[in-house]
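A.B. asks: Line by line, the protein sequences give chains A and B. Under my numbering, think of the first position of the first sequence as -1, with each following residue one higher. Under my numbering, think of the first position of the second sequence as 3, with each following residue one higher.
These aren't lab readings, by the way, just hints derived from the structure by calculation. Treat each hint with caution, since some may be false.
[Said to hold, decoys possible] Covered stretches of chain A (chain B as the covering partner; in silico rule of three or more C-beta atoms under 8 Å from a C-beta of chain B):
no., segment
1, 28 to 42
2, 124 to 134
3, 140 to 153
4, 257 to 270
C-beta: ideal position from N, C-alpha, C; glycine also.
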Amino acid sequence: MIEGAIWRKWAFFYLPMALFLLFLLFPFYWMVITSVRPDGELYRPWNSVNYNPFWTWNPTWDHVRYLFEETLFAAWLWNTMFIALVSTAISLVCGVFAGYALSRLNFPFAGSLGTGIFITYLVPQTLLFIPLAEIIRNYRLGDTPWSLILTYPTFLIPFCTWLMMGYFKAVPKELEECARIDGASRWQAMLYIVIPVAIPGILSAGIFAFTLSWNEFIYALVFLSSPEQKTVPVGVTSELIRGDVFFWGPLMAGALLGSIPVAIAYSFFVEHYVAGLTGSVKG
Amino acid sequence: MVVAETQVYMPQAPRTRQRLLEDERWLAFVLLVPTMVLLGMFIAYPFVRGILLSVTNSRVGVPGDFVGLANYYKIWNDGIFHTSVYNTFLYTGVTTVFKLALGLWLALLLNRNFRGKAFTRAFILLPFIIPTVLSTFAWKWMFDPTFSVLNWLFYHLNLISGRINWLGDPDLAMISIIVVNVWRGVPFFAISLLAGLQTISPELNEAAAIDGAKPRQRFWYITWPLLLPVTMVVVLFSIIQTFADFQIVYVMTGGGPANATHLFATYAYQIGVGTGLLSEGAAISLAMFPILFLVVIVQLLYIRRVEVR
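Make a model of the complete structure from these sequences and hints.
C.D. replies: In structure tokens:
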């Protein structure tokens, strides 16, 4: 802690910390308060008298009800969940296998393959979305969840591979050799000895991949067109805005409810998420 | 599990396949095939297709003919494209400086022992994990010209007398976008740098303190140099993401007012998807490539150097 007078502690620790928390968390508070506030209060000009924007005495469920009764929000939630779960599962299988091969097996071009995967890890989605949209159309995948389930792994696998390589490198060679002396094949040693040891890594990669695919926007925006196929971010963007009119109440309720599944998943695995985050940059 | 056990006790059962998998090279090949197929189909192939697309005059539904570098020539002389390039560099540069400074400050605060530390850390990451589009809508609502809570706040603090039209003015719109990006990126910087800080042995700082080093000196001569490798990787990583950013601008301004806040990605989207000029849109996206490639090379070299050391 900071040494010296008590005021220093306040000035150099508590005050900046409080300001950071205010800055980082206020938008979420604003989301919550907007989504339960009646329209009459919502659209009151900012300079009208006796207006307290930070609190409401008349909370309402109207916006949430609108979301579920007048829009396809439930379908969007389901689509997003399904796409995120399946693409995470595919990426985990691919990433664990590739990570094992790259970190524990000797074969020609291992180094350059590893570098290649690292480079694809850094390819942003916005670089390739136009040609990719054409390819998706040619494969007749357009407007189906499979267009996303198959493309999301392109940014999830490199990340999972990279993270798993770090975890696999830490598993001692002797562990695998013991199993092999006892008669296990390479395949079995990998499946029953090495991979179980790396389960924390798999959890980290999984939770991180899940949040990333829940967050993805541009592919979903370009590849999906019919309202019932959309994911939450795209559905909220395209269906709750009519021309210049924003339905702020339902919009904020949608943003809030659309964030809750990720927030819950995150809250269960905070430590794993942080490990994944820091592992992903350090490698 | 039953299958597994029978395999352990009868290794001779599926002979050839088993023997093939005993060979390191074959096993590696089998393990890497799914990854290679997916990355090849949806990264390498689209990349080649994108380059081929960008030298045609193809539109939605029209295959188009070869036109050489006409699309690149066109965007080279396009005023909005110039603005987008300028904006992208400005956006990346300014946000990176702020994210690094604020992220480092927050990391240093979090590196202390205080009550509720784990809790605070978990909450701080929220802007980073909540889907960006959704949280950006909250910001858009906060910047709303008529109902802005920020205007309300500044008005009641007597900082302003009239309303500020945050997203209607080109400069203010750019500032608003930068604020949102900084807001989203600070947690990532803070948590990554905190992980770096935690690997620095506290004894170094204690020893320096005993030798009479002031806190500021301890930071500049001990913490900062030791943190530099992590900082570099985080910064380069963030530069790539910010340079290619799409979501925040798309939601906040859609590139407006009057195309003043476009980045590479949003302009490529507007041209390629909005107006259907696929080939020109592809050219705009690919124009990002040389710069991204440069950053990736720097990052690769840097990681190599750190690993060798």
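A.B. asks: Each hint: holds or not?
C.D. replies: Hint check results:
1. 28 to 42: holds (count 6)
2. 124 to 134: holds (count 10)
3. 140 to 153: holds (count 4)
4. 257 to 270: holds (count 6)
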